[in-house]
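J.: The chain contents come next:
Protein chains: 2
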Amino acid sequence: MSSDSDKIAAEIGKRMDRASKPIPIGVSNRHLHLTKEDFKTLFGQEAEPTVYRQLRQPGFFACNEAVNIETEKGAFKNVRMIGPYRTRTQIEVSMGDAVKLGLKPPVRASGSLDNTPGIKITGPKGTVTVQGGVILSKRHIHFTPADARNFGIEDKQIVRVRCGEKGDRGVVFEQVLCRVSDKFALELHLDVEEANAAMVGNSDFGYIV
Amino acid sequence: MSSDSDKIAAEIGKRMDRASKPIPIGVSNRHLHLTKEDFKTLFGQEAEPTVYRQLRQPGFFACNEAVNIETEKGAFKNVRMIGPYRTRTQIEVSMGDAVKLGLKPPVRASGSLDNTPGIKITGPKGTVTVQGGVILSKRHIHFTPADARNFGIEDKQIVRVRCGEKGDRGVVFEQVLCRVSDKFALELHLDVEEANAAMVGNSDFGYIV
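Protein sequence lines correspond, in order, to chains A and B. Here the first sequence stands for residues 1 to 209, where the numbers follow our numbering. Here the second sequence stands for residues 1 to 209, where the numbers follow our numbering.
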């Protein structure tokens, strides 16, 4: 065989192998991350975030603490905080939520908050109006470095992921961002509308195709 | 060339041609179709459905008339009727809606309502509790017979459709049902969560891939 056909065969083999490896799905409902300063304004100077449940990503946890978010057009109550603190407050909503709030947030990777709309946040002890921070989450996969080697993936690579193929609403999500860090655990993050479009939940798996 | 490679080349040519033809997208929010009898119970014996706006499918129209739908777990107000009358009342909700209602409706083609959950419907003049009829809509494409020939598609064929490829959330929807009738107009029907997962709306297009 020529060197070219060897390379093609190797690439196809790599892709077939990758497509057989399940990636656990984590579905995000609307939630927010808070700076320590914003948390203290909302919940009081003596308060600290308390753990409702640990998330699959090491060190991350859903908090018992929840707030209301509000624009001139609409509002949502009991939006849960995800801990720990962040260096910038970030509010992740679905596109359906954004319509009800009258906002047009962009699709962004976590932490990429320039030129995003703001919102009024109310907690039991106070109110914060952030000038930006509302985003639609860019769907993404968390890999450890060992996972990344196993999948043949590099940080920031964009892949296609098949979900729900055993159900009634199979979907291939394109433009899925890969993130690699030794602080991560293997997980595909979708928002609730993306998950519902494929009829998948937290006990299902995606496959890079 | 062999006959086999001729056939393969012809099939690839057909698929490439098909993938270049835009199909207008129609996004459905929650809505319902009513029998004449249920309509009269809800809106009064003298009432008739009135046109809010014509839909792309010939003869179909969103009505001014809206109802409330309700279970023991949840409710939605102002759910719009789509006319004309049907032979069986049918309520189409999103998966997110179904969670709020505490229902687990199956994914079904329109009119396929056996073994589906019921719901309480309230209009200005009365209430109907249907014993079935709540579904998640199976995503589908309406073709005229001329469209079907143009796309090389047959009635009931299942296809894959790419949407949102120019945006930040490209998706390939699998298991899309093709329906062919001289009463139809060319249109891909998605529910609002499917549309949001691909960030597409009523002015966008899908492509069979």
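Just so you know, the hints here were simulated from the structure itself, not pulled from any lab data. One thing to keep in mind: the hints can contain errors.
It does not matter which identical chain is meant; a pair holds if it fits inside one copy or across any two.
Stated by the list, open to error - No farther apart than 20 Å at their CA atoms in a straight line, the calculated lysine to aspartate or glutamate pairs in the DMTMM-like style are these:
hint: 1; residue 1: K7; residue 2: D17
hint: 2; residue 1: K156; residue 2: E70
hint: 3; residue 1: K104; residue 2: D147
hint: 4; residue 1: K104; residue 2: E48
hint: 5; residue 1: K100; residue 2: E37
hint: 6; residue 1: K100; residue 2: E11
hint: 7; residue 1: K183; residue 2: E11
hint: 8; residue 1: K183; residue 2: E46
hint: 9; residue 1: K36; residue 2: D155
hint: 10; residue 1: K7; residue 2: D204
hint: 11; residue 1: K14; residue 2: E65
hint: 12; residue 1: K14; residue 2: D155
hint: 13; residue 1: K183; residue 2: E165
hint: 14; residue 1: K156; residue 2: D168
J.: Look at each hint and say if it fits the structure.
T.: Here is how each hint holds up against the structure:
1. K7 <-> D17: within (15 Å within a copy, 30 Å between copies)
2. K156 <-> E70: This pair counts as neither: shortest intra-copy Cα distance 33 Å, inter-copy 45 Å.
3. K104 <-> D147: This pair counts as neither: shortest intra-copy Cα distance 35 Å, inter-copy 35 Å.
4. K104 <-> E48: neither (32 Å within a copy, 38 Å between copies)
5. K100 <-> E37: Close neither inside one copy (28 Å) nor across copies (34 Å); limit 20 Å.
6. K100 <-> E11: Neither: 45 Å inside a copy, 45 Å across copies.
7. K183 <-> E11: neither (29 Å within a copy, 47 Å between copies)
8. K183 <-> E46: neither (29 Å within a copy, 67 Å between copies)
9. K36 <-> D155: neither (29 Å within a copy, 58 Å between copies)
10. K7 <-> D204: For K7 and D204, neither the intra-copy (33 Å) nor the inter-copy (39 Å) Cα distance is at most 20 Å.
11. K14 <-> E65: neither (44 Å within a copy, 56 Å between copies)
12. K14 <-> D155: Within one copy only: 17 Å inside a chain, 37 Å across chains, cut-off 20 Å.
13. K183 <-> E165: neither (30 Å within a copy, 32 Å between copies)
14. K156 <-> D168: between (31 Å within a copy, 15 Å between copies)
Going through the hint list in order, the structure does not satisfy hints 2, 3, 4, 5, 6, 7, 8, 9, 10, 11, 13.
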